[in-house]
Each structure stands twice: as C-alpha cells, then as structure tokens.
Amino acid sequence: MSRKKQKHEGHVNLERWLVSYADFMTLLFIVFLVLFSMSAVDASKFQALKDSFSTITGSGASLVMPAPGSTQTPTVNVNTGKTKKKNEVAAEQEKFEEVKEKVQQYAKAKGIDKDVKVKVDQNGIKMTFTGTVLFENGKADLQPEAVGIIKDVFTILGTVDNPIRIEGHTDNVPIHTPQFPSNWELSTMRASNLVRYSIEQFKVSPQRLSAAGYGEFHPVAPNDSAENRAKNRRVEIMVLSTAAAKADAQKPGSSELKEDLQKQAMQ
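In the numbering used here, the protein residues as written are 9 to 275.
Honestly, I wouldn't trust all of these hints.
[As the list claims (entries may be wrong)] The calculated DSS-like cross-link candidates involving lysine-lysine, where the alpha carbons are at most 25 angstroms apart (straight line), are: (1) LYS116 with LYS94; (2) LYS108 with LYS118; (3) LYS159 with LYS134; (4) LYS147 with LYS110; (5) LYS239 with LYS159; (6) LYS147 with LYS118; (7) LYS122 with LYS103; (8) LYS134 with LYS108; (9) LYS254 with LYS211; (10) LYS239 with LYS127; (11) LYS122 with LYS134; (12) LYS103 with LYS93; (13) LYS239 with LYS94; (14) LYS254 with LYS127.
These aren't lab readings, by the way, just hints derived from the structure by calculation.
Make a model of the complete structure from these sequences and hints.
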C-alpha cells in the first residue's frame with residue numbers, strides 16, 4: 009500500500025505548461041488585435057480632424073463630430089463670414105455699375121458725354137465733369153444749365169447711400185481776384201458750393217458729404233494746350249465704397265477736416 013502511494017506521488021504532469029502557454033497566446037492575440045484596430049485610420053475622419061485643427065489656426069472651419077457609435081462621416085461647417093463679406097462687396101459693385109450705366113446714358117442723351125466721364129473701381133464711383141459743364145472759367149457758382157444736370161445726377165445717386173466726396177481742380181492759369189486770391193480758393197469754393205447745393209436742394213445728409221480743393225496740383229493732362237487745360241478744370245463727384253470710406257475715415261485729421269469743410273459749405 010505504501011509502495012503504490014509512493015509510486016503515485018512520484019508521477020509529475022509535464023503538460024501543465026500548455027495551459028499557461030495557451031493563456032499567454034490568448035492575451036497576446038488580444039493585444040495585437042487592439043493595436044491593429046487602433047492603427048486602422050478612417051481617412052475621412054482623419055481629414056475632418058485635420059480641418060478642425062485648421063480652424064484653431066484661423067482657417068474659418070469648424071469640426072462637427074458624429075455621435076459615439078455613429079457611422080456618419082464627420083462634416084466640416086465653413087464659417088460664412090468671409091463669404092458674406094465678399095457677397096456684400098459684389099452687391100455694392102453691382103449697384104455702382106448700375107449707377108455708372110445710368111449716368112452714362114443720361115450724359116449721352118444730354119450731349120455732354122465728352123465732358124462727363126464715369127469710372128467704377130474698388131474705391132467706388134468717380135464722375136468727372138470737365139470744362140465748363142458746371143462752372144464758368146474763374147467762377148464758383150453753378151451755371152443755370154448745370155443746376156438741372158446736378159439735379160438729375162443726384163437723383164440717380166439716390167439709389168445708393170454711400171458717402172460722397174466732391175473734389176475741385178483747376179488748370180495752372182493763375183487767378184488773383186478779391187474773391188479768389190489763388191486757385192486753391194477757387195477749387196475749394198467750387199467743391200463747397202456743390203456740397204451746399206446737394207444739402208439744400210436734395211436734402212443729402214451732411215454726414216455723407218465731404219469737400220476738397222486741390223487747385224492746379226493734381227492735373228490729369230499737361231497744361232500745354234487749351235484742350236488739356238479744359239480737362240484739368242474739373243469737378244469730381246466720388247461715391248465711396250464701404251472699404252474706401254472706412255480707410256478715408258481712419259486718416260489722421262480726416263474727421264476734423266471734413267467737419268470744417270461741411271461748416272464752410274453751410275455758411
């Protein structure tokens with residue numbers, strides 16, 4: 009009896025390591041499975057994540073992630089701020105083009121298209137009246153026929169509410185009278201009188217208006233002939249774009265100068 013017991017206790021199970029080995033292999037398989045699942049990147053989700061980081065750096069996009077467990081692909085919502093601004097600028101330019109076309113048609117119908125030029129650019133509308141369309145040489149009062157022209161032009165301008173700047177220019181022929189000691193006074197008075205007329209006759213808000221006189225110092229042609237001097241004797245009515253008006257308002261001293269010219273026009 010004791011001999012059999014000793015023989016049974018002496019037997020060792022050499023296959024027990026297989027149990028530990030199987031457990032180890034199972035755990036190792038799970039580890040590799042987890043690593044594989046983490047390395048399989050959804051390209052679309054990765055792109056969405058990339059776009060969301062671009063938002064932080066200022067690209068204007070925001071990431072909208074799907075709910076947990078959802079198979080929906082993340083979408084990027086683009087900030088419409090810049091798009092809206094572009095649309096507003098485009099709409100403003102479209103209005104300016106309409107005004108330009110109407111003024112050109114009016115000038116052609118009146119037979120003054122050679123002396124009335126209209127241009128539209130990023131700064132707004134620039135209407136140039138040359139020669140004696142508005143003022144006689146050496147004078148700053150509107151001619152009788154010019155009153156009707158300005159009335160019709162400002163009626164067309166009533167379709168926009170942008171700021172208006174009126175500039176006076178002369179040729180280089182010197183002037184020295186009790187009323188106008190130099191071309192500075194002549195050009196400034198022409199612009200101021202036109203501002204005053206637009207306020208009194210068309211009820212244009214003074215806050216929209218400004219006037220400036222440049223004398224003979226901003227010519228558009230050489231003052232070497234009567235024809236060129238007529239080009240330089242001009243009044244420019246400028247309808248400022250929103251961007252140009254903002255830049256103009258930020259110039260040092262522009263507000264004080266504008267107020268002074270408005271007061272002068274109202275005196």
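Status of each hint after checking the structure:
At roughly 33 angstroms between alpha-carbon atoms, LYS116 and LYS94 are farther apart than 25 angstroms, so this suggested pair is violated. A C-alpha spacing of about 15 angstroms is found between LYS108 and LYS118, which places the hinted pair at or below 25 angstroms, so the restraint holds. Note on LYS159 and LYS134: the hinted pairing holds, with a Cα-Cα distance of about 17 angstroms set against a maximum of 25 angstroms. Distance check on the hinted pair: LYS147 and LYS110 sit about 29 angstroms apart at the alpha-carbon level, beyond 25 angstroms; violated.
Using a Cα cut-off of 25 angstroms, the hinted pair LYS239 and LYS159 holds, with the two alpha carbons roughly 23 angstroms apart. Restraint check: the Cα-Cα separation between LYS147 and LYS118 comes to about 23 angstroms, which is no more than 25 angstroms; the hinted pair holds. Only pairs whose Cα atoms come within 25 angstroms are accepted, and LYS122 paired with LYS103 is accepted, the gap being roughly 24 angstroms. The hinted pair formed by LYS134 and LYS108 meets the criterion: a straight-line CA distance of about 9 angstroms does not exceed 25 angstroms.
The straight-line distance between the Cα atoms of LYS254 and LYS211 is roughly 23 angstroms, inside the 25 angstroms bound, and the hint therefore holds. Between LYS239 and LYS127, the direct Cα distance comes to roughly 16 angstroms. Compliance with the 25 angstroms bound is thereby established for this hinted pair. Annotation: proposed proximity of LYS122 to LYS134 holds, straight-line Cα distance about 15 angstroms (limit 25 angstroms). At roughly 16 angstroms between alpha-carbon atoms, LYS103 and LYS93 fall within 25 angstroms of each other, so this suggested pair holds.
Note on LYS239 and LYS94: the hinted pairing is violated, with a Cα-Cα distance of about 36 angstroms set against a maximum of 25 angstroms. Using a Cα cut-off of 25 angstroms, the hinted pair LYS254 and LYS127 holds, with the two alpha carbons roughly 20 angstroms apart.
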